[in-house]
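Colleague: Chains A, B and C supply the protein sequences, listed in that same order.
Note that the first sequence covers residues 1 to 299 in UniProt numbering.
Note that the second sequence covers residues 1 to 441 in UniProt numbering.
Note that the third sequence covers residues 1 to 267 in UniProt numbering.
Any given hint might turn out to be false.
What the hints assert, rightly or not - Label-pair ranges, simulated between beta-carbon atoms: (1) TRP45(C) to ARG88(B): 44 to 52 Å; (2) GLY48(A) to TRP128(C): 15 to 23 Å; (3) GLN171(B) to LEU20(C): 45 to 53 Å; (4) ARG5(C) to GLY167(A): 27 to 35 Å; (5) PRO74(A) to GLY39(B): 47 to 55 Å.
Hints are computed from structural coordinates only; laboratory data are not their basis.
If you're wondering where the values come from, they're calculated on a predicted model, not measured in any experiment.
By construction, the Cβ of each residue, glycine as well, lies at the ideal position given by its N, Cα and C atoms.
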Amino acid sequence: MAEAVTEAPVVAAERRGGPQRWLPYLLLAPSVAYLLIFFASPMIQAFGLAFTSTTGEWGLGSIRAMLGDDRFWPAVWTTVILLVVLLPLQFALAMAMSMVITSRLRGSGLWLYVFLLPLGVSELGAGILWYSIFVEQGWLNTVLQSLGLIDRPVIWLDYREPWRVIGTIVVAEAWRSTSLIVIILVGGLRAIPRDYLEAADVFHAGPWQRMRHVVLPMMRPTIRTALIVRTVLAFEVFATVIALGGTGTDVLATQANRAYTEYQDAHLASAYGLVILLVSLVAVGIILVALPTRKERGE
Amino acid sequence: MQLSRREVLRLGLGAAATGLLAGCALDTTGAPGSRGSDGLVFYSTQLATTEEAEAVRRQILAGFPREVQFAGDSSATKMFDRVRADARAGSSSIALLGALHGEFATLAKEGLLRDMTDVVEQLGDRGFTRQYLDLARIDGRYAFVPWISASYIMAARREALQFLPAGADLQALTYTQLLDWTRAIQLATGSPRFGLPAGENGLLKRFLQGYAYPSFTGGVNTTFASADAAAMWEWLRAIWGTANPQSVTYGFMQEPLLSGEVWVAWDHAVRLVDALQTRPDDIVSFPAPTGPRGLGYLPVLGGLSIPKAVADPQPSIELIRHLTDPARVSTTLRTVAWFPPQDLAAIPGGLPPGVGQEAETLQRMVGTPGAVASSLAVGLGGQSGTYDKVFTDAFRSIVLDGGDVRGVLATQAAALQGVLDSAQAACWAPDPVGEGVCRVG
Amino acid sequence: MTARRVLGYGGAVLLAGWVLVPIWFVVVGAFSTADAVYSYPLAAWPDWSLESMRFFVTSAGVPQALLSSVIVAVLTGVVTLLLAAPAGYALARFVFPGADAYRLAVLSTRAFPVVVLSIPLAVFFLQWGIYDTVWGVALMHTALALPFVVLMVSAVFAGVPVDLEEAAQVFGCSRFGAFRRAVVPNAAPGLAAAATFAVLLSYNEVFAASILTLQQPTLPVFVLTGLTQAPLPFRYAGALFLLAPAFLFILLIRRRLLGVGGGPTLR
Numbered sequence: 001m002a003e004a005v006t007e008a009p010v011v012a013a014e015r016r017g018g019p020q021r022w023l024p025y026l027l028l029a030p031s032v033a034y035l036l037i038f039f040a041s042p043m044i045q046a047f048g049l050a051f052t053s054t055t056g057e058w059g060l061g062s063i064r065a066m067l068g069d070d071r072f073w074p075a076v077w078t079t080v081i082l083l084v085v086l087l088p089l090q091f092a093l094a095m096a097m098s099m100v101i102t103s104r105l106r107g108s109g110l111w112l113y114v115f116l117l118p119l120g121v122s123e124l125g126a127g128i129l130w131y132s133i134f135v136e137q138g139w140l141n142t143v144l145q146s147l148g149l150i151d152r153p154v155i156w157l158d159y160r161e162p163w164r165v166i167g168t169i170v171v172a173e174a175w176r177s178t179s180l181i182v183i184i185l186v187g188g189l190r191a192i193p194r195d196y197l198e199a200a201d202v203f204h205a206g207p208w209q210r211m212r213h214v215v216l217p218m219m220r221p222t223i224r225t226a227l228i229v230r231t232v233l234a235f236e237v238f239a240t241v242i243a244l245g246g247t248g249t250d251v252l253a254t255q256a257n258r259a260y261t262e263y264q265d266a267h268l269a270s271a272y273g274l275v276i277l278l279v280s281l282v283a284v285g286i287i288l289v290a291l292p293t294r295k296e297r298g299e
Numbered sequence: 001m002q003l004s005r006r007e008v009l010r011l012g013l014g015a016a017a018t019g020l021l022a023g024c025a026l027d028t029t030g031a032p033g034s035r036g037s038d039g040l041v042f043y044s045t046q047l048a049t050t051e052e053a054e055a056v057r058r059q060i061l062a063g064f065p066r067e068v069q070f071a072g073d074s075s076a077t078k079m080f081d082r083v084r085a086d087a088r089a090g091s092s093s094i095a096l097l098g099a100l101h102g103e104f105a106t107l108a109k110e111g112l113l114r115d116m117t118d119v120v121e122q123l124g125d126r127g128f129t130r131q132y133l134d135l136a137r138i139d140g141r142y143a144f145v146p147w148i149s150a151s152y153i154m155a156a157r158r159e160a161l162q163f164l165p166a167g168a169d170l171q172a173l174t175y176t177q178l179l180d181w182t183r184a185i186q187l188a189t190g191s192p193r194f195g196l197p198a199g200e201n202g203l204l205k206r207f208l209q210g211y212a213y214p215s216f217t218g219g220v221n222t223t224f225a226s227a228d229a230a231a232m233w234e235w236l237r238a239i240w241g242t243a244n245p246q247s248v249t250y251g252f253m254q255e256p257l258l259s260g261e262v263w264v265a266w267d268h269a270v271r272l273v274d275a276l277q278t279r280p281d282d283i284v285s286f287p288a289p290t291g292p293r294g295l296g297y298l299p300v301l302g303g304l305s306i307p308k309a310v311a312d313p314q315p316s317i318e319l320i321r322h323l324t325d326p327a328r329v330s331t332t333l334r335t336v337a338w339f340p341p342q343d344l345a346a347i348p349g350g351l352p353p354g355v356g357q358e359a360e361t362l363q364r365m366v367g368t369p370g371a372v373a374s375s376l377a378v379g380l381g382g383q384s385g386t387y388d389k390v391f392t393d394a395f396r397s398i399v400l401d402g403g404d405v406r407g408v409l410a411t412q413a414a415a416l417q418g419v420l421d422s423a424q425a426a427c428w429a430p431d432p433v434g435e436g437v438c439r440v441g
Numbered sequence: 001m002t003a004r005r006v007l008g009y010g011g012a013v014l015l016a017g018w019v020l021v022p023i024w025f026v027v028v029g030a031f032s033t034a035d036a037v038y039s040y041p042l043a044a045w046p047d048w049s050l051e052s053m054r055f056f057v058t059s060a061g062v063p064q065a066l067l068s069s070v071i072v073a074v075l076t077g078v079v080t081l082l083l084a085a086p087a088g089y090a091l092a093r094f095v096f097p098g099a100d101a102y103r104l105a106v107l108s109t110r111a112f113p114v115v116v117l118s119i120p121l122a123v124f125f126l127q128w129g130i131y132d133t134v135w136g137v138a139l140m141h142t143a144l145a146l147p148f149v150v151l152m153v154s155a156v157f158a159g160v161p162v163d164l165e166e167a168a169q170v171f172g173c174s175r176f177g178a179f180r181r182a183v184v185p186n187a188a189p190g191l192a193a194a195a196t197f198a199v200l201l202s203y204n205e206v207f208a209a210s211i212l213t214l215q216q217p218t219l220p221v222f223v224l225t226g227l228t229q230a231p232l233p234f235r236y237a238g239a240l241f242l243l244a245p246a247f248l249f250i251l252l253i254r255r256r257l258l259g260v261g262g263g264p265t266l267r
């Protein structure tokens, strides 16, 4: 199978800067053109919508309406908090799953299948599923009560306890979206040369030391990719948030969605879209700065 | 191992292909790419849930000589966009529209609907209720044919009834009694058991616009920030304290009623009927409460209309004839629990228990002395979503976030005036109907 | 050593439970009567009522929606791969200025929320006459899958040894001939996996699909959009009804999916 290599091997001819210098750009062209049509053009149009009002005149009306909403800043903070709590948890979980898959335990195919199952669950489906677990007369209370841990059903989805609600959303999202990270991490783990691990064994490194000094440094580029992919996608999540938080807990994406479906205000929705774009780019920037990769050998 | 898996994969693809062919054989007319077929497209924002759409396709449309494709999608935004695009293209892919009165008002204002006056006159034998015919008349002519109707009522689990305050009549509660009742339940059981559909798909906004505001203030827009309105919000804040906090996630109240998370609830009749049908002995329906200014309620009317861009309206008119036929009306009532816009006595056959209970409740509510019917918000055009936002925002700020009532109302009143100004909308009942743009009070 | 293995199995079982138990709850809900679903405490074992499942299996719109879903997913997989393969090859085999910028730019397109993006697209699609067609949805899904698939495909190509390609060229193949004879056969399983990733993404995507369709909904749109407003037993049944094909698909491609990980790194 495809062994992962973290740097592009260069075909000899290209090193000399041959006549095919333009070839890579030609190869990229179709995808760039496609994304220009299907992302850039609607995105520019959405920018236009964000800077016009419902009556069609240019201005900051929609932006001001967004900033003036009492729920704007809470939504920003919840979005950020959700991400900050979710990501580490999810990475720990994904790392554990990847270790199981790449270890020499029996039935690794089965473990693999089970861990990838949530890939087949859409956001909306996950919302329905986890709502039935956390709802007052739901599975969690059934289990806790039968174990004698509580005497009466607890209302978990109580918007007055923001941390509780955020906790349920984190759990649901960790369940749903960890599989994607597992896929990326397993590839990275497999790419670690056996010699390194064996060397660690020779020096009697414990599992923790092995993890800290061999595995994690080698996985750095992979982890970075996984982090960026997950961060970008996390800002878009709204169906699980709506299912569990209802109208009591907001993130930017729920506000954007509500602006369009409920208030039928494409201008406001676009303004929120703009903010989400900005926040994601800032987050990706932070990841890039916080996890620099070493200059690669031979370049 | 590897090889066999590849074979499995190939088998799987084969199966998918067979499924594909089977799909074609089953329903070639509906297959993608065959949109030019002569099936009529009936697009409706109502009856759009999986269950309802299934009933429309299998039972309500049964017996119509031509093939009809029913497309149900509850998003009004999508319908507007589609009808507008069709009008621009000059030909309509939609033969018949099913929508709510307010949605038609938006389309009629933009001149996108056919004048339905001739059809309404042809259907004189259907016996449409006067009140609904009046609602269907927009700018002096009929914009749609009345089709289905409903309203919002209340329902409770039977075990809640023992906590009714002394002297209270379930069929004629006041808002104060309702609050005392839900408080008593909370005190006795230790759990908040009142419920409002405040979730993403919930219709709480209609409770505010059609029930709480008219009942407490006698108006909506003109009394938006009045002293009476402040009293209403204080009442709402108090009763919200006895409501299950999960209310912010509830769309339809029938489920929490059935599960017992909520004992007393307000919602659209159609969104309660499942509870009343499943457990007719355990769940009772009753009219909305009466406030200081009477019993405000909001009728809901759905209708049928034809886009102006339809070249040959005759098949569409035939379909309207079919859908408003007494036998079909009876099927509609029985399968999806929407009421006809006619007198129920004219409907053949008896009613299922839950639907029958709702019918009684509705009749009692409308007949209550001091009942004030709100007309549905008209003339807001594309602003109707923003109009609703004012009310849900006020609810969030005052009730969920505990903001200062007067301060919030002052802010939201300005927003409300902005909406009415940009829509150039005149006041509608229960506000005094008049000329010129409605002034927020 | 054995202690470590016990620990390993214990951890594996715990993790598997974390994934499987919630899915079991859906199964129980889907095969329970309405009475059982609305009771408390809930029963851990279903009473195998087929009522709500039968509704979806016999529902009139299902065959057509399934057909739309399959067509959209296959179109998405094919178009995505056609666009991503050249780009991925370029990223894997060449060092050129702008490669990193391209990687980042491509990923950041996904930073704009799908719902907001779908609104202007719906208008374009109406003008182009592909609104409410399988093509419209497939094109949108391709745009959504492309950023990830490009990175995956570049990892796949990076995994094919350069020596093979050079050897082919030494033996007289043209650049393209070498690609066709030496690279494609080796990369095929990985490419197939990347395409199936796009297929899964398309199958699961509901929001753009629901904005862009009316009479040609995909299966998830058909089932899920109606579902958020349906009674509880139907929600479980509908959810399970959607999960089953996806789980079967993952079973078939699970090894392949792993072939794509690893290299899609950003530098």
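Colleague: Would you mind marking each hint as holding or not holding in the structure?
Modeller: Each hint tested on the structure:
1. Under the hint 44 to 52 Å, the C-beta atoms of TRP45(C) and ARG88(B), about 57 Å apart, miss the expected range.
2. About 19 Å separates the C-beta atoms of GLY48(A) and TRP128(C), a value consistent with the hinted range of 15 to 23 Å.
3. Between GLN171(B) and LEU20(C) the Cβ separation comes to about 50 Å, which falls inside the hinted range of 45 to 53 Å.
4. As the Cβ distance of ARG5(C) to GLY167(A) is approximately 33 Å, the hint placing it in 27 to 35 Å holds.
5. About 49 Å separates the C-beta atoms of PRO74(A) and GLY39(B), a value consistent with the hinted range of 47 to 55 Å.
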